[in-house]
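As a plain string of letters, each chain reads:
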Amino acid sequence: METKKSKKKVEGVLKKEFSRRDFIKTTALGAAGLSLSSWAPVPFTYGAQPPIKIGMLNEYTVFATEYGYWLGKVGRTAIAKINAEGGIAGRKLELHEYDTKANPAWSASMCRKMILEDKVDLIMGSIHSGVHLACFPIIKQYKIPLFSGGSMTYEFTGKDSLSLHGGYYIRNHSHARSQAVAAWKFGFDNLGKKWTFLNADYAWGHSLAREFGSRVRAAGGKTQDIFAPPATQDFIPFLQKVDPDTEVLFTAFLGSSGLGVLRQTVEVGLHKRLQRFTVICTTEGIGQEVVGKESVGAYYIEYHPRHLDQVPKELHPYEIAYRKACGVDKDGKEVGNPKVTIAGSHMYSMWIYPYMIKLGIEQCGWKDSKKNMDLIKAICSLKLKAGPWCPVGDLVMREEDHQGFNDFYISRVEPDLKLKVLERIPKEKAMYEPETDLRTIT
Amino acid sequence: MFLQKGKSFGFILIFILILLGLIIIPFFVDLFYQTFLTELFVWILFAISFDLIFGYTGLLSFGQALFFGLGGYTVTILIRKFGLNTELSLLFSIIIPILFAWFVGYFSVKLTGIHFVIITIIFAIIGNIIGDTWTSFTGGADGLTFSPPPYRLGLFQIDLMDIKGNYYFVLTIVAISFLFLRRMIQSPLGKVFISIRENEERARLIGYNVQRYKLIAFIIAGGLSGLAGGLYSLTLKYASAGYLHWSVSGHAVVYTIVGGMGTLIGPALGAGIVMSLEHYLINFLQTTDLVVGIVLVAMVLMAPKGLVGFIQSRFKKGETSA
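Residue numbers (the working numbering), protein chains in the order written: chain R, 1 to 442; chain X, 1 to 322.
You may find that some hints are simply not true.
[What the hints assert, rightly or not] Only pairs whose alpha carbons sit at most 30 Å apart, straight line, appear in this in silico BS3-like list of lysine-lysine: (1) R/Lys-367 with X/Lys-164; (2) R/Lys-119 with X/Lys-164; (3) X/Lys-164 with R/Lys-143; (4) X/Lys-164 with R/Lys-113; (5) R/Lys-73 with R/Lys-383; (6) R/Lys-377 with R/Lys-159; (7) R/Lys-377 with R/Lys-143; (8) X/Lys-81 with R/Lys-143; (9) R/Lys-370 with X/Lys-164; (10) R/Lys-159 with X/Lys-305; (11) R/Lys-333 with R/Lys-427; (12) R/Lys-371 with X/Lys-164; (13) R/Lys-53 with X/Lys-81; (14) R/Lys-119 with R/Lys-81; (15) R/Lys-73 with R/Lys-119.
Since the hints were made in silico from the structure, they are not lab data.
Extracted from the complex, chain X is given alone in its bound form:
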């Protein structure tokens, strides 16, 4: 009990320190790094939402791009075509993907293993084809641009066209989402997700409706992926059918595998490492994807539990040998 409290206190302390660091960073780095970090936050949100179903529930979904793209389009279309404000558009970027995740999940969670992977890819492909061909509504492969109205928060107003304003806006939402996911994972609901990942049959025998819990995880992850898509659109002021392509889910898969699945901090770390590596390498070579691929293969071979898993196992080894 005491140990648990100590761990929680340690987490809160580290979280606050990191958050304070991220709050003051814009005063020391130029605009480009602010936009880079803003994009990084968005991908962290996408990666941790994916980690909920993959890392904690054991479902490898390549369909998250569908929800990411839906979130992106929801914000873009609601602002551009219906003149909605930013806060409502963002709210819908969670609600609409949740509804779709409910529908997709209803069929998908009945399947396991490779069949689940394939059906989620199929749903993403359907979404991408619709996005690509319904050009009058989605702009197709070319996409749609928009100018987000300022975000009003009581007396304050955040101009999302301003890089710093957008940075703090995205940081706040991602930080809240991170805390929300962490709290949920520590709750009894999260324990059920983990029990399904560890031994689905046993969870069923204990009396849990496994499919229902899988569907809940799928819906929550879908909603958060949609929110990530919405924030991405707000950051780029743009959305296209490319967001719906199943390969976008690959970003989350890579970040999670590199950082370490089932840890929340792992996918965040993975996103930071891979995106920074890409950003650094792009100055020297065009084929950055190739290097990312090599890193991924190396991680799978040498540290299958990702960076966080690798560090944890080192610590454990150290403790046992001591």
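One chain only, chain R, in its complex shape:
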């Protein structure tokens, strides 16, 4: 018995009667339509193919976090940009990110986790040489490319490359040797012939003293080495050892020790009789206002200028876009958080890698890890022109040792605490003879 009540009318937005029969009919038609539509040509979407998985390791806690913060932020931004532009070869990039805790052993575990559990195709990041070294046996075993975020140990692209990482390590940024090759002459010609190295007593400090020192001595100069524990706060006992006839005091410490050594050279009056020279690594991620007035007059080797107005004019359009994307203002501070200074001489590596990967994949038709070496070869033969993806100017990758080169800058801290570029050193002057030839690897 069908009553008016049991007819179950549905008053829709169209304000007309909608019976149960109508509902079934419409649903059936809809379902048939959807089924038929699956036979139609599928529109292209990059989500349709499996993503390219990128692993990222950085120092987010414990030590060197000012680097980790920026390398992570820039890496994430670059990957998001690539995805927004359609991914790579129709495939989306998927990021798997972990903290190294500045602990090589932990990082090795994370590296294995990324490769074996997350199944990443490539790994990038970290400025910690120890982290890279601990990952080498793993990337070599599983043939996974590792793109250095900012490791300064030149040996990684030196003569032992093959035995260390089997050619699976790529570096698009500077390191202790290229810094010395690029900048020693400026120091020697303009600052003095008698150098004292007051460096942190570990691999990085020794490496800089060795690379710069050997060139200064070869040119007829004189050097003195003083090494202090990496976390030294009181430098007076070490500064007292500086030879009286020293003309250039080269220092290399990270974090608060890097600030302390500059301040204490002023406290003991050394800044009046010698020139202070160092690499920007000592003050990356730390504003010059934190270092203080004591840093005025100190010379820095930068790998990319911190302040926008110090960036070469022809790079401005790219630099402005790069800074905007990464949330960096013209003074090298984080937008909305002026207490945070960029790690500008290091973080660009993470901006450029995703683009290099894109070019490499498009060039060699890489699909999965079976063609990883082909991909590495394609990437390491790139000659990047300055552009939105290469705001640091032309960048040349060298196939022999998988090492990249771009321009260097010599800057001085001005009384307004700004790093003013005095000289731009072209990348060609930073190049040295490759010590290995990885081109023959298959």
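Starting from the known structure of chain R, fit chain X onto it as the hints suggest.
Quick look at chain X alone, frame taken from chain R:
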């Protein structure tokens, strides 16, 4: 007597069952979990060796990192620079830390309480500084890598570059070490260690040379910590000055406190819980140490005798109320 025999039989049965489980696991889990378990075994060995001096002898040593690091470096340097085989290198990863533990222990066991803690930290710091600065030999903070040669056992050969091979190799050594420690603790020597922990003065009055026994415990723990370091290096194919940092001893302290000191199974359980928790959490947040810290505080407040102690006390309560 009968009860004791029953307990021993129960232990053997459970041990064999767990071991069989661990033997077949690699056939069911992927490579990553095999490496995770291999690392877990290494940390279990480190934690139970620490438990010998902390849980059974009552000495809180933060210097175990020194022996762990020495073991790691011994294997790495002997294989990398001197071309020694794996078995000899591992043997030296016990002998060299034993010699150092003898030296460190000679000075340390004369002290008690906070003074003992501090002197062991100082020795670890000295080791770490030497490791950090003697870069030509140790590789400093960057460390050293190496490729271990295959381990030969009669007709068999275990490739330690192979994850499964390395898994079984480490499992075997850790299982033997566990049994060795358990046997030792049940021996009269172990009873002396426990008596020192419970009442040092009384042990002395009974006639035991307390310092000598403390030194023995310290040396044995040092040797086993060195073995753990050696196995860790073999697993990672890497060693660095970071292994010598006193905070590495903190791993053993955390595992022992969470699992329950003076039980052997407790530190093993603690290592399993904390490492699994870390592994699970790392997928969601970077600051896993913070969560581990919270777990540690919670355990200290709610179950000061650790998980095993907590379970044991529950059982005892149940028995008395019944």
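Outcome of the hint check:
1. A threshold of 30 Å between alpha carbons decides the hint, and for R/Lys-367 with X/Lys-164 the separation of about 28 Å falls inside it, so the pair holds.
2. With a CA separation close to 18 Å, the supplied pair R/Lys-119 and X/Lys-164 stays within the 30 Å bound.
3. Only pairs whose Cα atoms come within 30 Å are accepted, and X/Lys-164 paired with R/Lys-143 is accepted, the gap being roughly 18 Å.
4. With a CA separation close to 16 Å, the supplied pair X/Lys-164 and R/Lys-113 stays within the 30 Å bound.
5. For the given pair, R/Lys-73 sits about 25 Å from R/Lys-383 by alpha-carbon distance, which is consistent with the 30 Å threshold.
6. Taking the CA atoms of R/Lys-377 and R/Lys-159, the gap is about 18 Å. The hint holds against a cut of 30 Å.
7. Restraint check for R/Lys-377 and R/Lys-143: the C-alpha separation of about 13 Å stays at or below 30 Å, so the hint holds.
8. Proximity of X/Lys-81 to R/Lys-143 is assessed by CA-CA distance (about 25 Å); at most 30 Å being required, the pair is judged to hold.
9. About 22 Å separates the Cα atoms of R/Lys-370 and X/Lys-164, which keeps this hinted pair within 30 Å; it holds.
10. As the CA atoms of R/Lys-159 and X/Lys-305 are separated by approximately 54 Å, the hinted pair breaks the 30 Å bound.
11. Proposed proximity of R/Lys-333 and R/Lys-427 is supported: the alpha carbons are some 26 Å apart, at most 30 Å.
12. With a CA separation close to 26 Å, the supplied pair R/Lys-371 and X/Lys-164 stays within the 30 Å bound.
13. A threshold of 30 Å between alpha carbons decides the hint, and for R/Lys-53 with X/Lys-81 the separation of about 37 Å lies outside it, so the pair is violated.
14. Between R/Lys-119 and R/Lys-81 the CA atoms are separated by roughly 22 Å; this keeps the pair inside 30 Å, and the hint holds.
15. With a CA separation close to 22 Å, the supplied pair R/Lys-73 and R/Lys-119 stays within the 30 Å bound.
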